[in-house]
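Taken in order, these protein sequences are the chains called A and B.
Heads up: the first sequence begins at 1 in this note's numbering, then just goes up one per residue.
Heads up: the second sequence begins at 1 in this note's numbering, then just goes up one per residue.
No lab work stands behind these hints, which were simulated from the structure alone.
Some hints could be false.
If the Cβ cut is set under 8 Å, some of the chain A residues that face chain B in the computed set are [unchecked claim]:
hint: 1; residue: Gly308
hint: 2; residue: Ala328
hint: 3; residue: Gly336
hint: 4; residue: Ser337
hint: 5; residue: Leu338
hint: 6; residue: Arg340
hint: 7; residue: Gly350
hint: 8; residue: Val351
hint: 9; residue: Thr365
hint: 10; residue: Tyr366
hint: 11; residue: Arg372
hint: 12; residue: Glu375
hint: 13; residue: Leu376
hint: 14; residue: Arg378
hint: 15; residue: Arg379
hint: 16; residue: Thr380
Label-pair distances were calculated between CB atoms; the ranges are [as the list claims (entries may be wrong)]:
hint: 17; chain 1: A; residue 1: Asp18; chain 2: B; residue 2: Thr12; range: 21 to 31 Å
hint: 18; chain 1: B; residue 1: Thr12; chain 2: A; residue 2: Glu8; range: 25 to 35 Å
hint: 19; chain 1: A; residue 1: Glu128; chain 2: B; residue 2: Ala6; range: 33 to 43 Å
hint: 20; chain 1: B; residue 1: Ala152; chain 2: A; residue 2: Glu140; range: 17 to 27 Å
hint: 21; chain 1: B; residue 1: Ala152; chain 2: A; residue 2: Ser182; range: 36 to 46 Å
hint: 22; chain 1: A; residue 1: Leu93; chain 2: B; residue 2: His55; range: 52 to 62 Å
hint: 23; chain 1: B; residue 1: Thr12; chain 2: A; residue 2: Asp226; range: 20 to 30 Å
Model, not experiment: these values are computed from the prediction.
Quick reminder that beta carbons are idealized off the backbone N, C-alpha and C, glycines included.
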Amino acid sequence: MVRTSDTERRLRAAAIRDEWLGRAYACEPADRAAAEAAVSELYRLIGEGPPEFVWVPSPAAARPLLPAPVRLRGTEMPARPADWPVATRLAGLACDLRGRLDLRTGRKWSPFGWEPFSGRPTGEIMVEGVRDPLRQSVIEGLLTPLRTALMPDGPPPLDLAWRGQHDAAWVGYYDAWRRAGSIGYRPSDAAQLDLWAVLARSCGWWWPGEHRCVIAERTSSVRTEDLGGGRHRLHDATGPAVVYPDGWSVYSWHGTRVPAWVVEEPTAELISAEPNIEVRRCAIERLGWDTYIDQAGLRLVGAAPDPGNDGSELRLYDLPRTVLNRPARVLLVVNGSLERDGTRRRYGLGVPAHLDDPLAAAAWTYGLPVSRYAELARRT
Amino acid sequence: MTITLAELSRRTGLSVLDHLEDQLEIPVMDGLQAQGDLLIVPHAAVAVAVTLPVHPWREVPPAGVVLLRGAAGGNPHTLVADRGTCTWTTDVRDSFGLALGALRATGPVYLLHPEHGATGLTPGTYVVRRQREIGHRPPSRGFTGGGHRLVAD
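From just these sequences and the hints, can you work out the full model?
Structure, rendered in structure tokens:
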């Protein structure tokens with residue numbers, strides 16, 4: 001028997017992870033026949049007949065069609081689990097499945113939480129190489145911003161919803177175990193996992209109801225930046241980062257969800273009116289610190305030649321208290337190397353408000369005394 | 001002996017953006033140098049704040065050591081040295097919390113970055129520090145680094 005080395009296993013796991021990542025970011029129209037068949041089969045597993053399907057172009061479009069959220073109060077729930085709402089029973093089905101798959105992969109629960117796979121290379125490969133990157137890229141990086149974007153219009157839609165392509169995060173993890181981790185699942189569990197996998201490959205979010213299931217299309221455009229190791233975050237500097245077929249979209253700046261104006265038309269005025277500090281920072285970065293300083297008319301505290309960076313100046317400005325929520329100044333610095341278009345990039349660094357000398361401010365950013373920073377020989 | 005950016009790029013297999021002038025000789029200097037958000041400072045200049053370990057110091061392999069990667073994954077700052085001329089450690093203590101590591105060189109060593117090009121260091125012991133800026137979270141009690149964030153370009 002040939003033993004799979006850890007390196008091979010790691011590479012194989014990474015390839016499977018990227019496959020699922022591709023499905024989570026897929027932008028083709030839904031495969032409606034496949035999705036409906038898989039949902040009907042899941043309904044059958046909880047003893048229900050196939051539901052009527054209502055297709056919508058985006059999660060936002062689904063909202064008016066959804067039943068009131070199920071209230072899971074012990075005192076109000078029907079006594080027999082078989083009488084519980086479909087969504088609740090489907091959640092139980094998936095939860096039991098994942099519990100059994102976790103046992104199969106050797107993951108143990110103790111009173112202190114999940115025990116780590118310490119000393120088990122395969123477990124570590126699966127957790128660090130597949131589960132965590134998928135969670136970061138798909139759940140935290142994509143699903144959460146989309147859900148947050150739906151919140152201002154009211155409470156999030158029925159929380160016992162399934163995410164179709166975005167369920168690739170957990171489906172991919174268990175799939176990697178069986179394909180690269182040399183473990184087998186019970187045939188009935190494998191078959192049910194396949195159903196969830198079909199949904200992750202064929203549709204967007206879906207909301208199971210009694211005799212009726214609302215299903216959304218997949219995203220029609222997703223733009224991310226690659227952080228390496230299968231980790232991505234939403235980002236588009238010129239347009240929406242996520243778009244659905246009906247035009248519902250979400251903007252994101254380096255992984256922070258922002259209102260459309262931040263990307264489309266940032267201005268110093270809008271920035272000063274923005275209550276969220278993260279959004280203010282993103283908007284200033286999008287606008288560019290030098291443009292922001294001009295537009296906002298910040299007071300120049302001082303300027304000095306940048307040592308080691310011939311012909312460039314360090315410029316120190318007063319920053320309105322509201323920008324960083326405390327008194328601060330901003331040091332506008334110039335990159336030591338040229339951009340592709342022959343210009344030099346300028347960027348702002350927040351520094352403490354007590355610094356009056358641009359050189360001292362630059363020295364502070366490196367934790368140096370001014371006299372040392374003045375000796376800077378070269379900046380590239 | 002001096003080398004060009006093109007030669008360094010060929011030797012390490014690391015590419016640099018094609019608009020950088022790659023036929024100029026890379027200056028090899030002592031003293032303080034900055035490359036993007038990194039600062040290379042002779043250890044003597046910051047000895048008050050930075051304590052170096054006795055061990056472990058690891059040899060810098062011919063392919064180089066990545067000191068820091070840009071926020072978006074790409075664009076690493078890579079330390080490059082001839083075999084046997086440079087050792088490197090990350091086990092440093094910096095009272096400012098800015099040091100990434102330290103290096104000891106017996107021959108010229110180079111710091112290479114796809115956007116910033118390359119710079120050379122004369123033999124000596126250097127500390128590699130990151131840049132900080134004031135953050136928007138107020139300083140927390142009992143944690144000296146509170147309220148600052150490290151700059152990532």
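Which numbered hints turn out to be false for this structure? Of the numbered hints given earlier, the structure breaks none, since each of them holds.
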